[in-house]
Amino acid sequence: MKLILERRPEPSRLALALAPIAAILFTLAVCTLLVAWAGAPVGRTYALLFEGAFGSRFALSETLTRATPLMLTGLACAVAFRARFYNIGAEGQLYLGALAAVAVGGLHDGTGFDLPVPALFAGMMLAAALAGALLLLIPALLKTRLGVDEVVTTLLGNFIVLLFVSMMLDGPMKDPMAMGWPQSVALNGDLELGKLIERTRAHTGLLWAAGLALGLWLLNRYTVFGFQMRAVGANAHASRFLGLPVNRVMLGTAMLSGALAGLAGAIEVAGRTGYVTLDMSPGYGYTGVVVAMLAGLHPLGVILASLFVAGMLVGADSMSRAIAVPNYIADVIVATSLLAMLVATLFAQYRLRRNQA
Amino acid sequence: MEWMDLMSSPAFWVAVLRLATPLILGTLGVLLCERAGVLNLGIEGIMAAGAFTGWLVVYLGAPLYVGVLAAALAGAVFGLLHAVLTVPLGLSQHVSGLGVTLLATSLSYFAYRVTFPSVNTPPTITPFAEMKFLDGIPFIGPVLAGQTPMTLIALAAVPILAWVLNRTPVGLAIRMVGENPAAAEGQGLSVTRLRMGAIVAGSALMGVAGSFLTLAAFNAFFFNMVNGRGWVCVALVVFASWRPGKALLGALIFAFFDALQLRMQQGGAALPGLPELPYQVYLMLPYILSILALVAMARRAAYPQALMKPYRKGER
Chain A
11 MKLILERRPE PSRLALALAP IAAILFTLAV CTLLVAWAGA PVGRTYALLF EGAFGSRFAL
71 SETLTRATPL MLTGLACAVA FRARFYNIGA EGQLYLGALA AVAVGGLHDG TGFDLPVPAL
131 FAGMMLAAAL AGALLLLIPA LLKTRLGVDE VVTTLLGNFI VLLFVSMMLD GPMKDPMAMG
191 WPQSVALNGD LELGKLIERT RAHTGLLWAA GLALGLWLLN RYTVFGFQMR AVGANAHASR
251 FLGLPVNRVM LGTAMLSGAL AGLAGAIEVA GRTGYVTLDM SPGYGYTGVV VAMLAGLHPL
311 GVILASLFVA GMLVGADSMS RAIAVPNYIA DVIVATSLLA MLVATLFAQY RLRRNQA
Chain B
-5 MEWMDLMSSP AFWVAVLRLA TPLILGTLGV LLCERAGVLN LGIEGIMAAG AFTGWLVVYL
55 GAPLYVGVLA AALAGAVFGL LHAVLTVPLG LSQHVSGLGV TLLATSLSYF AYRVTFPSVN
115 TPPTITPFAE MKFLDGIPFI GPVLAGQTPM TLIALAAVPI LAWVLNRTPV GLAIRMVGEN
175 PAAAEGQGLS VTRLRMGAIV AGSALMGVAG SFLTLAAFNA FFFNMVNGRG WVCVALVVFA
235 SWRPGKALLG ALIFAFFDAL QLRMQQGGAA LPGLPELPYQ VYLMLPYILS ILALVAMARR
295 AAYPQALMKP YRKGER
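First to last, the protein sequences are chains A and B. Mapping of the first sequence onto the numbering used here: position 85 corresponds to residue 95, and the numbering continues sequentially without gaps. Mapping of the second sequence onto the numbering used here: position 301 corresponds to residue 295, and the numbering continues sequentially without gaps.
Fair warning: there could be bad hints in the mix.
Unchecked claim - Only part of the chain A face toward chain B is listed, based on derived beta-carbon distances under 8 Å:
id, residue
1, Leu43
2, Leu44
3, Leu349
Just so you know, the hints here were simulated from the structure itself, not pulled from any lab data. No experiment lies behind these values; they were computed from the predicted model shown. Just so you know, even glycine gets a beta-carbon here, dropped at the ideal spot from N, CA and C.
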């Protein structure tokens, strides 16, 4: 007698929708062990965590601020993963997008442009999207032309881009007023995004991100390109057999994904920091993978997933200031929920059966 | 400094072999997993876990070799997690591996902060000593004398793994489940057990690779100390065409350029014939080189046929 996995004939939609919730509950249960190990009262720790994430106007505004880049990198990963193009380079694309945004919208005496504000704003966003898209085009071409695995190239690309950014911040894009601190020149103040909530850091970039999520959902559902992306992801072999331009779809998907991550960088600069630094992203690109998976690769799900993940990160920061639990607990929660989500989705689609053979 | 001086300086080759050691161990680890048909992107995090566990055990008073064993054990535990997720459950090897990397890294950092809540300078241990007594060996003596025993372990692991894979029944079975799992099953072999065993063993090697960083290269644990070395190992396996001997060669070539860039950074002045560039360009070289290696090998890469293909009995 052995246990075997058997595909459910009709996976229930309810089970699929409940999978992320089950995964998160499982994760929080597992992480109580870590909290107990750190010697803190479990109930109080989680209470502080949720209070720090959603419990006040300030907490909520911080969570929304943190969710904005995560939503965009999450979308970048969701789009690409759906077509089975594993873009793990959102971190690099974010930084290059941020750099491009400042190059257009901040460097007037250098290489930037002196244009009316609306044109400059459009140029800034376009430059960031293009920077991210072109950056990801390299691994995408290597994959479609030569069959080089995109995971490794995009991962290694992150390190290269970060060094490139560091080089730019030491060189042509250095802020002369920054006293040797590696920081770029500031973005033109007129280009900054408005506030979403007065006297907080939450900015209208969130609306951009949510709008893009909605747009992607419509693209996925109602356009030919959206259908092609899903078809290639479901079965590239069959799609090729049907005459779909698989490589072109793959390249288009990659550019879309890179553009989204590049926009994440521009929106961070325009909404929060005002300039590029080497620590502006604490791994938003990698966390985007988790956001996308928790969302089941659904663009609208990304909105919710990014709010959850941002809440955990913000809440853990606030909690660790009050109680002796290191804020790395947030990263553990995020990582565990990714793995739990994988398993939960599997069991929504498959069932265990005893094999009497 | 002239090229000739550099190439004949033992100090340079000591650095090459030192830098190559974690790459050799890590690459062998990835190679073993992939030969059995499973990609293991958990390596980056497993190395961090190995580095932390090995260092902590030694810090708490255990001998250095016990630290290495503890690192192997930590690697094996995370390997088992990846194995369960990817083999019997057949989940995406890409995503599971990344998840294991995130989990192993964050758990190590969490554990470090729980054990040392408020230290500013990382606590140190006495790492492996250099093997000065090997100085007498002609020609390679001065290079080996600058190494720790962990480098010897790494160098010994190469022929051992090659022998196991190519000359033993279990090696044949591992290669078979990586090439044609259905045929292996037909021979009465358990694909599940062989694949899981290979992942656990490979991950143990990755853990040891990580422990080299804290027990031999440095004497403390730092955040971000793995710094992409794991991903480099994944690239090196492709470069090595999944052969242990070529993995050693790849790791040495890579370490050669890494040592060269370190030398150019420290020396300030560039080597003759090379222009002076921002230091970041030199730091980029290893990563660019890895990508170039992947591109160069792409056409000829003889991937294990069943790599990244989960095997479910009775399902095509």
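Hint by hint, here is what the structure shows:
1. The beta carbon of Leu43(A) comes no nearer than 11 Å to any beta carbon in chain B, farther than 8 Å, and the hint placing it at the interface is violated.
2. The criterion of a C-beta within 8 Å of any C-beta in chain B is met by Leu44(A), whose closest approach is roughly 6 Å, and the hint holds.
3. Hint on Leu349(A) holds. Least Cβ distance to chain B is approximately 4 Å, under the 8 Å limit.
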